[in-house]
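> This is what each chain is made of:
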Amino acid sequence: MNSGKSLPETRSVSGMVIDASRCIDCKACLVSCKVANGVPAGQSRNWIKTENPGLDALTSGFVKPRVRYQPGGCMQCADAPCLNACPTGATYRTPEDGVIHVDKGLCIGCGNCIQACPYGARFRHARQNVADKCDFCAPRRARGLMPACVDTCITKARTFGPLDAATRAAAKRFAEEGAPPVTKLVRIEPPAYETGPKLLYVNDTAPRNWPAYPEQPLPVRIMTGPPGRMLFAASGASLFAVLLMGITQFRERRMHPHSASEQHTDRNASGLCPEQSEDGAERRDSGLRPKTGRKGETP
Amino acid sequence: MSAKHHRLSRRAFLKSAAATGIAAVAAEVHARGKDAPIPDASEVTDPKAYENVFTACDMCFNRCAVIARVNGEGQDRKILKLDPNPKCSKSRGMLCARGNAGVALINSPDRLTRPLLRTGPRGGNLWRPISWEEALDRTAQAMREIGARYSRCGMLFTAGADTQSRFVHRFAEAYGSFNITSHESLCLLSVNRAFMDTFGEVPQVDLLHCDHIVMLGANRFESLVMPDSADLMQAVRRGAKLVVLDPRCTKTAEAAAEWHAIRPGTDLAFLLALCRVILEEDLYDRAWIESNTHGLEALRAHVASCTPAWAEQETGIKAAHIVRAARELAAAAPRAVVYPGRRSSDYEDSTQIRRGFAVVNALLANFDRPGGLMSTPAVKLRDIPFEAPWFDDNPADRVDAGRVPLLFNDEGSFVLTRDAVLSGQPYPVKGWFIYKTNPMGTAPDREKTAAMMRSLDFIVSVDIMMSDTAFMSDIVLPAPCYLERDDPLFVLQGGPAGPCILTRNRVVPPPGECRPVFDVVKALAGKLDIGNAFDFTLHELRERQLESFPGLKTTLEEDGVFEPSPALYGLKKGRPYKTPSGRIELYSTLYQQKGLDPLPVYTPPAAVPADSFVLVAGRTACITQTQSQNNRLLAEFAGTNTLWIHPAAAARLGIGNGDEVTVRSSVGTEHLRAELTKGIRPDTVYMHSGFGALASGPGLAAGTGASIAALFESAYDALCGNAALHTTRVTVQRREGAA
Chain S
1 MNSGKSLPET
11 RSVSGMVIDA
21 SRCIDCKACL
31 VSCKVANGVP
41 AGQSRNWIKT
51 ENPGLDALTS
61 GFVKPRVRYQ
71 PGGCMQCADA
81 PCLNACPTGA
91 TYRTPEDGVI
101 HVDKGLCIGC
111 GNCIQACPYG
121 ARFRHARQNV
131 ADKCDFCAPR
141 RARGLMPACV
151 DTCITKARTF
161 GPLDAATRAA
171 AKRFAEEGAP
181 PVTKLVRIEP
191 PAYETGPKLL
201 YVNDTAPRNW
211 PAYPEQPLPV
221 RIMTGPPGRM
231 LFAASGASLF
241 AVLLMGITQF
251 RERRMHPHSA
261 SEQHTDRNAS
271 GLCPEQSEDG
281 AERRDSGLRP
291 KTGRKGETP
Chain E
1 MSAKHHRLSR
11 RAFLKSAAAT
21 GIAAVAAEVH
31 ARGKDAPIPD
41 ASEVTDPKAY
51 ENVFTACDMC
61 FNRCAVIARV
71 NGEGQDRKIL
81 KLDPNPKCSK
91 SRGMLCARGN
101 AGVALINSPD
111 RLTRPLLRTG
121 PRGGNLWRPI
131 SWEEALDRTA
141 QAMREIGARY
151 SRCGMLFTAG
161 ADTQSRFVHR
171 FAEAYGSFNI
181 TSHESLCLLS
191 VNRAFMDTFG
201 EVPQVDLLHC
211 DHIVMLGANR
221 FESLVMPDSA
231 DLMQAVRRGA
241 KLVVLDPRCT
251 KTAEAAAEWH
261 AIRPGTDLAF
271 LLALCRVILE
281 EDLYDRAWIE
291 SNTHGLEALR
301 AHVASCTPAW
311 AEQETGIKAA
321 HIVRAARELA
331 AAAPRAVVYP
341 GRRSSDYEDS
351 TQIRRGFAVV
361 NALLANFDRP
371 GGLMSTPAVK
381 LRDIPFEAPW
391 FDDNPADRVD
401 AGRVPLLFND
411 EGSFVLTRDA
421 VLSGQPYPVK
431 GWFIYKTNPM
441 GTAPDREKTA
451 AMMRSLDFIV
461 SVDIMMSDTA
471 FMSDIVLPAP
481 CYLERDDPLF
491 VLQGGPAGPC
501 ILTRNRVVPP
511 PGECRPVFDV
521 VKALAGKLDI
531 GNAFDFTLHE
541 LRERQLESFP
551 GLKTTLEEDG
561 VFEPSPALYG
571 LKKGRPYKTP
581 SGRIELYSTL
591 YQQKGLDPLP
601 VYTPPAAVPA
611 DSFVLVAGRT
621 ACITQTQSQN
631 NRLLAEFAGT
641 NTLWIHPAAA
651 ARLGIGNGDE
661 VTVRSSVGTE
671 HLRAELTKGI
681 RPDTVYMHSG
691 FGALASGPGL
701 AAGTGASIAA
711 LFESAYDALC
721 GNAALHTTRV
731 TVQRREGAA
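Taken in order, these protein sequences are the chains called S and E. Going by my numbering, the residue at position 284 of the first sequence is 284; the numbering climbs one at a time, nothing skipped. Going by my numbering, the residue at position 705 of the second sequence is 705; the numbering climbs one at a time, nothing skipped.
Bound-form chain S, shown alone (with noise of 0.2 angstroms):
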């Protein structure tokens, strides 16, 4: 597990459930997130996606518009692609709780790792030339507040902590208010690539269908394709270990505990049974593994 793209035990991976039916598109997270995390004008870290099938003409004088709202952000993905594509090891996991950081202070702004997610959740911070994305408002957390987006939604659609926990505090809620349980929860992923994104949606959500295959910048293909095995076969055994020596340094550099997920569990959701996961959301994040190709990345 010292890759740092495999999770840590599901209990503590921090992830949010998010009941996309009430969103109403008001901005407040987009907003709240651009605040607290001080995003540039035209940029942001966090989205709100729409639906519209289109309405039917008005003459028949009674429609159903159908028209669809769901809020996202970076998934921190079980098997990001961010991670991968990225040559300083900027991009980091934080252990205790899977959530994927950029350390401003490592990264190049070589837009490898935008170009590799599949959401389009990063981008290059106009002021600060760097990858910026969603960490679930970290600093934040460290001040024991919930992530803005989560604090500041008008209709409660977002719940944060452990996965479970929230799962489980989302439950209760929805019990509490007479809404409808929670039956499954479900992930948006690209076709073909299983990333294990951390923010489900309850029961359904739409649109479903808009991340795009990972795109690994070009050196990152060489290097794990079968040029790049060759080049490893080629290389010494002395190559190899220092720049295992130099990984581990930067990994180690990265630790800082940043965050405080324990206490965002909801201490009244225990004794609820968390509901199934239809389609194992949940189950799978301790043990995921990519269905394609992608060899050369696990040790």
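Check each hint, because a few of them may be wrong.
Distance condition first, Cα-Cα at most 27 angstroms in a straight line; then the derived DSS-like pairs of lysine-lysine [what the hints assert, rightly or not]:
| hint | chain 1 | residue 1 | chain 2 | residue 2 |
| --- | --- | --- | --- | --- |
| 1 | S | K172 | E | K241 |
| 2 | S | K104 | E | K78 |
| 3 | E | K87 | S | K156 |
| 4 | E | K87 | E | K318 |
| 5 | E | K87 | S | K172 |
| 6 | E | K578 | E | K594 |
| 7 | S | K49 | S | K184 |
| 8 | S | K49 | E | K241 |
| 9 | S | K49 | E | K678 |
| 10 | E | K241 | S | K156 |
| 11 | S | K184 | E | K241 |
| 12 | S | K172 | S | K156 |
Since the hints were made in silico from the structure, they are not lab data.
With chain S's structure known, arrange chain E on it following the hints.
Below, chain E alone, put in the same frame as chain S:
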């Protein structure tokens, strides 16, 4: 300079500005720089360097409870983030986009920071910064002269929705003028009138426990009202049925089980048909109706001809749907409501239309019961009393009195007041004191508002930014925004969340020389020899208020909100309603006495000519009329407005999506881009309010989008004088030669 020779246009403003070389003055006035950064809360990671200050939002009228996260001391003190206060039930622990964007008011380059004196023609944008002493002396002198020459009612006072507006009212009363208006006669007076005259009070709504909601003339998922907006979503998720009637597909309609694109102005036909079905099919709680209401049989006779088939002809909604709507409402009653709504400045018979809302609710027997309309529990704060002086030389009444039969005496009507000022009848009004409201951006017929302002001898505006109204004033006084001042305590009613008491504590110092309006009117009162009306400090008033409830002070300090938790339901049990009959008046005794229709009579809206459209306005959750127009954070999500037009209508006119179009009404012409959508009726066009400012400083607002104030005509509610904006008909043309 008559209105005819001085038609307002953005171009004219800019031209005159360039010609007279005012750029230097403007630059000095707004010397704070254009790119003051939005704070970055993530910069400060040390939890100890982070102070929490309780306050209340002021980005709209809701005043949600807020926790300001603050860092630094003295002039370096800055707000990093505004968060919701989870302890406030009324605001449901949320803060909307506008509330979050409050930080952009701090350091905004558009903030007024010094008193300004107009030095050129009105609206010419020539200003000279002056001292507070000179500004107050000039204002007091002008008020003295107007009082002596025209009587004290020669001064008009207008204050927007603000916790310090009460001091402006007190100042007006101490000065001796009856002429006080507010934003409310451009907004919600019709619905208040109708419910007062039916239930004897303006009810809250318990959407939280409601099972069936019919919403028309309201848009709670965009035009946010707390706790209603949050509770409506909870109700919908719980399985409550939401039916929306609206000429356009609002976000509320999108979330509804049904959306009916009703013909504008025909709501009452729908409501009367609902009454008929409920009565005809005996779907009401007879015992409750008989013991609580007055005039059932008269109503039955009145709606006998209002068949669903007739209503279909009027509203465009199929009769079968109307019948079903009535049956479903009645089946869910008393946990069913026809949502009363808020802004009702739409038609000349809006009071009667909203009476229709009230009457259907009465038939649902939902009043004072969970899931229905709620009586308002009394929560009173102690105050420092004051006796308004009497002046023998004053005229008998308000300047707009007698023009409509059911004027609210303490609110009046802005549209009617403006007519009276322009005509000089029944007596001249020549001075205007304006606090934090912008009739040039919100009142119908901007040209006429400008003409009114030109007809006055003296205008003083107190505001945080150079609104178009301040722009037309003689003296502009800079005020602190809500985060920069202490405020008195105030009570908010929260429906099923219960009432609460909040206050504001100064979070950061105001920029430049800003002074709160309390200080302004207190100083002016001193100069005008009416200082006894303000023989206290704001601190002393707050101390008095804090004595109102045991534990109020400590709870406010610890939680930022005090909730007195009175009983919320069953308040009317054994008590008469505050109506002439002591009952819910389906049949209005008051109206009958005044010779008005005692039952709501449907008036068909004027036909829309083939080449015209009904113009309707509304907003998103990022807009608070013109108040939000200069906010950099909000501009990203609501930077301008477009004209919603149906593709069929657009095709007929050769208009493509995104084309620039010219919209003409009988009073104005505006330009904006067309947005083709089937979410609007083919006979109606729509635009957001709050755009098309003329010249509010160097900010984002000037020159973006179209102004509803420039296009809407000055019709008014025949009963209470509330503005009637949606009677306006417009033509739309593709603008040739536009980029």
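> Could you tell me which of the hints above the structure violates, numbers in ascending order?
Hint 4 alone not satisfied by this model.
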